[in-house]
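There are 4 protein chains.
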Amino acid sequence: MPGRNADGRLRGIFTPNLVPLDERGEINEGELRRYTDWLIERGVHGLYPNGSTGEFTRFTAEERRRIVEIIADQAAGRVPILAGAAEANVRETLRACEHYAGLGIRAVAIVAPFYYKLGPESVYAYFREIGRNTPIDVTLYNIPMFASPIDVPTVRRLADECERIVAIKDSSGDLPHMIRMIQAVRPNRPDFAFLTGWDAALMPMLLIGCDGGTNASSGVVPELTRKLYDLTLAGELDAARRLQYDLVTLFDTMLYQAEFPEGFRAAVQLRGFDMGRGRQPLSPKQQVDLSLLRRVLQCLLAEHGFADEPVGGCPADTLPVDREELATIVATVLDALQRRGLLQL
Amino acid sequence: MPGRNADGRLRGIFTPNLVPLDERGEINEGELRRYTDWLIERGVHGLYPNGSTGEFTRFTAEERRRIVEIIADQAAGRVPILAGAAEANVRETLRACEHYAGLGIRAVAIVAPFYYKLGPESVYAYFREIGRNTPIDVTLYNIPMFASPIDVPTVRRLADECERIVAIKDSSGDLPHMIRMIQAVRPNRPDFAFLTGWDAALMPMLLIGCDGGTNASSGVVPELTRKLYDLTLAGELDAARRLQYDLVTLFDTMLYQAEFPEGFRAAVQLRGFDMGRGRQPLSPKQQVDLSLLRRVLQCLLAEHGFADEPVGGCPADTLPVDREELATIVATVLDALQRRGLLQL
Amino acid sequence: MPGRNADGRLRGIFTPNLVPLDERGEINEGELRRYTDWLIERGVHGLYPNGSTGEFTRFTAEERRRIVEIIADQAAGRVPILAGAAEANVRETLRACEHYAGLGIRAVAIVAPFYYKLGPESVYAYFREIGRNTPIDVTLYNIPMFASPIDVPTVRRLADECERIVAIKDSSGDLPHMIRMIQAVRPNRPDFAFLTGWDAALMPMLLIGCDGGTNASSGVVPELTRKLYDLTLAGELDAARRLQYDLVTLFDTMLYQAEFPEGFRAAVQLRGFDMGRGRQPLSPKQQVDLSLLRRVLQCLLAEHGFADEPVGGCPADTLPVDREELATIVATVLDALQRRGLLQL
Amino acid sequence: MPGRNADGRLRGIFTPNLVPLDERGEINEGELRRYTDWLIERGVHGLYPNGSTGEFTRFTAEERRRIVEIIADQAAGRVPILAGAAEANVRETLRACEHYAGLGIRAVAIVAPFYYKLGPESVYAYFREIGRNTPIDVTLYNIPMFASPIDVPTVRRLADECERIVAIKDSSGDLPHMIRMIQAVRPNRPDFAFLTGWDAALMPMLLIGCDGGTNASSGVVPELTRKLYDLTLAGELDAARRLQYDLVTLFDTMLYQAEFPEGFRAAVQLRGFDMGRGRQPLSPKQQVDLSLLRRVLQCLLAEHGFADEPVGGCPADTLPVDREELATIVATVLDALQRRGLLQL
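Residue numbers (the working numbering), protein chains in the order written: chain L, 20 to 364; chain D, 20 to 364; chain F, 20 to 364; chain V, 20 to 364.
Calculated directly from the structure, the hints in this document are not laboratory data.
Accuracy of the hints is not assured; some may be wrong.
No distinction is drawn between identical chains; accordingly, a pair holds when it is met within one copy or between any pair of copies.
[To be verified] Only pairs whose alpha carbons sit at most 20 Å apart, straight line, appear in this in silico EDC-like list of lysine to aspartate or glutamate:
1. K304 to E180
2. K304 to E140
3. K136 to D271
4. K136 to D308
5. K304 to D170
6. K304 to D179
7. K246 to E322
8. K304 to E148
9. K246 to D230
10. K246 to E60
11. K136 to E148
Being a predicted model, the structure only gives us computed values, none of them experimental.
Okay, chain L solo, but in the shape it has when bound (with noise of 0.2 Å):
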């Protein structure tokens, strides 16, 4: 069965997929539904809704709720959905746990309670509160950068006393953290999962002991992510590494040359989906810089097949620029404009 061990536990690449939004800023329904297809015939092995790159905070509550219904609804079934399911608070969160389970939801996953960063007591007494209330099996999600941190001894607390608390998407891209995880947890629940979230070390956290990903560059490239996990449980190492050393090109170029998620956005767009603007407003430079970027995208792509070159090209080398050397090319012609009195700074 897809996204599913032998022993029951999650598995696979699970895509935290983007919501295409219309020109009024709403929900595109019909180019979700068939970027929902697209992906589960590339083979993803489930569906993640309302997770960070699905941008769950920028819409309301409602519109999480529809999200959800029009993905389980188009999938119907053939593969497993995980919906993030973090509302305001303890109580909120279980009415929208008790809706997704009304769906035939696989199971939802609640990112630890964020703006003030709590302490592990307090992540703890929030899951605690959720894993004994929930009618429907929750996956934590860790992500440190966005969110309070869950750690070592609080994943262990709370695998050891909620059953219903089946897995962890870890988002920290820490291999010695998710190791020290999977020690923790494993000898008492040998159902628990552990997912991550770091595209960049998705083939060694297969090789140390992870059961999948959750892998916002699987709803870009959703062929190629796949066949990296299926390379790496197959042993077939070196072939696998090179595929794992070009995602995290594509990776990087995508998280680090745009606020996130805009470079997933744009290289989504790239694949055939009409993706419309993001509600968080871009600045004229911010915009610039993105249209310099679909084209480093398109180039990338365009390597591995799934898109045309632009016109005029690709330059042999389409590692991101360094906007480092670029400035210092920059300062020391706009230096050569001042001495020779073209330009007054």
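Since the structure of chain L is already known, use the hints to place chains D, F and V on it.
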């Protein structure tokens, strides 16, 4: 006129009030109205619902509106109101602005985007969009420990371009940062106000040019915060300094000895309000810690005549317990017990 | 008596002086003596060789001693000297203390252990060992951006246990932290002095209870730093505030526009001293940047009559160039050039 | 040939050895020679004196040379030596390089400048100056938790420009960072080696392309580290994974349960070497903690047959004590004692 300078700037102490909850965890309207009166009678210059102290992220969008409605109705124009208006995205935030404008609110306060950590260009684009479309004056809210930072050039750009952006509340507590902002903005915008959200630096912030503060401790000891403000403006620096020192002790105890804003909630309760339990669950350990903290707070408040001493009296030295030292003592005790075979770790 | 309070506390402005180097990169003794005289004549209350500004880590152990010997000899008792004495380990540090005691130094300043980031217990153990064995008064030096932090309970323990530890120099710039330290230490140790190393907060630090400062900008504009100190103590707050604002501008420019302490070196050079090249090599880009910075600094110094305006004059607004904005302009230009085919990235 | 690949790259496990001290705190030459032999006999591929584990900053410049001389003499060519050569400045560092070249050292390792946190341009300029003038191969040493970080573009620039820079030791433990470095450097410099200093990620680092490691735990359990290296290269991933998990437990215990490198010193002592007391003083509390830690380490080593179980035996579960949980228990006990009037806080 309270809450405003001769040149129209916001000024004085705005209280970021907590919201009392009833036994079912719902807004306790009666207590909120009583608390509003009490704060106004004790001299705060304005009220500031839906701030971080007010746990705006733990209420639903509907509840946030209800909180402002209650406070605006109860204040009935006696003091100006600054209403936190941040919602899921620019459009929702603007809708809240329109609603609050209809309630006769003086200005809204909008925190920089959170969860995602955005860079200066995005923060600028976000507030520019709001500043261009808001029907009500806007206060920027910079709280880098929780949300994307608003840096000095961004404040300057926004102040220069958007006249409806009229103030910044800064909770960084960074004094040179405040100086840099004032230097960058005041020449072009003499009507732009600078408010500090960091109670532990209120006196020096006022001395270097701030117009006032949005201070959580003013919800606990409005008498003291107001007096500190008055003494500082009157140039009575020795008396102000002594009060500032006391405020640091109280503020630190409320802030660092429990998960924010539980220490403040406990202290407001000690001032005679039924605050209810917060929406973030507490672990058993945290409940024990909180009951210890209540006793410490009661002693601190008793020193200023704001509470009776607890049964059993207060220690001579009410400095917050040094947890590090306590841990050392405990380690020594445990070690001794263990060596005598009384304890097996 | 300069450099000391009636109650024996260190007080006033101690200059953490840079060390001029000759063409071979060796200590330029003649220039160091001339610089020492110049600083004393312009009113600094004391000298502070082997501080961070003095690049103590870039000299050998022998050179560090030589620097103190030259300055002590040249000062000849006119002002007290605080000598940086941190060496590779406690034993070496104590040897340096003994050597400096023999030179008639007023006190040593010892930075917390660096490279390894040590916790409070280790920092305590380190200073306790020194405090018990030093033949000379010791100033703790807290600079958390470079070395292990010295927290408030540690300062209190050391002040309580070691009477030869007589002061702390704190370069965190954190005002509430300074208040907490003073609260914790002064009741038991009225002779213990608090000096701030953060020039951008000098005025408010003095107003909340500091005894003085060890301020790198006093090595560049000793006249201003001294005047700011005097105005603040005299309660002329409006004049002091204006001067503090100017000092923030100058300090920020020297600190953030080049790798520390190159901006300070360039500024001292502009005051008429042959500082030589620093021991940390500069890249070609950095050399260009530094020459641009020199012009900005010359304009800032010219505003106060401390330098002539550079040939070509100064812009109306001498605020530090906003690199972010500059980058935007450049990006726009490049984009335009590229679209017209004039540039191939 | 040990310590080198067919293509000339450094490879394998280099041990960053601790330095035994005698009762007076001086280098214990006899024990250092005995330890050197023991490490070589247990299969480490090379030795690495004056690393962070070797506490290079706590020795004088003369002592650092002495340490390398002793080890080079004792190794007598049996394994290659990588000698830490960072001194106060470029000139002193180059002098050390010359000295070590004369001793027949394979290469030096030079940490990025520390104390001051330098940016990429400065780090580049520093290493370029060294790379152009060194008479011996240079390994860059990136340890961002202690020293200025060496970023990927800087590694690439240095590898491209300086052929005597032949390797990087990276202790960040960041796997995608390692991939990025290899991608950026290897195409132009197939002879450039990548070594990881983060024991907790050794296996996955080797699997994604690293040539070896400089791992502190190889000074404690050289047999295990070597076996992990061999199993990983042989593709015996299940066995390697189990060993990596065990190594994480041991490494974490040595690293996080005491101030670095005291846990490693205690463990080497348990392997039969008289290490003496470290040069960083310990507080009474730390001495107690360390004796508790010794027992835990003895149990961990006993599991692998490297030590006898301590008197009294080992607990079934040798996971590091959870201090958080312990604190909870203690708080509960204290609370109970207090409520019965047996304890007055």
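query: Which numbered hints are broken by the structure, listed smallest first?
result: none
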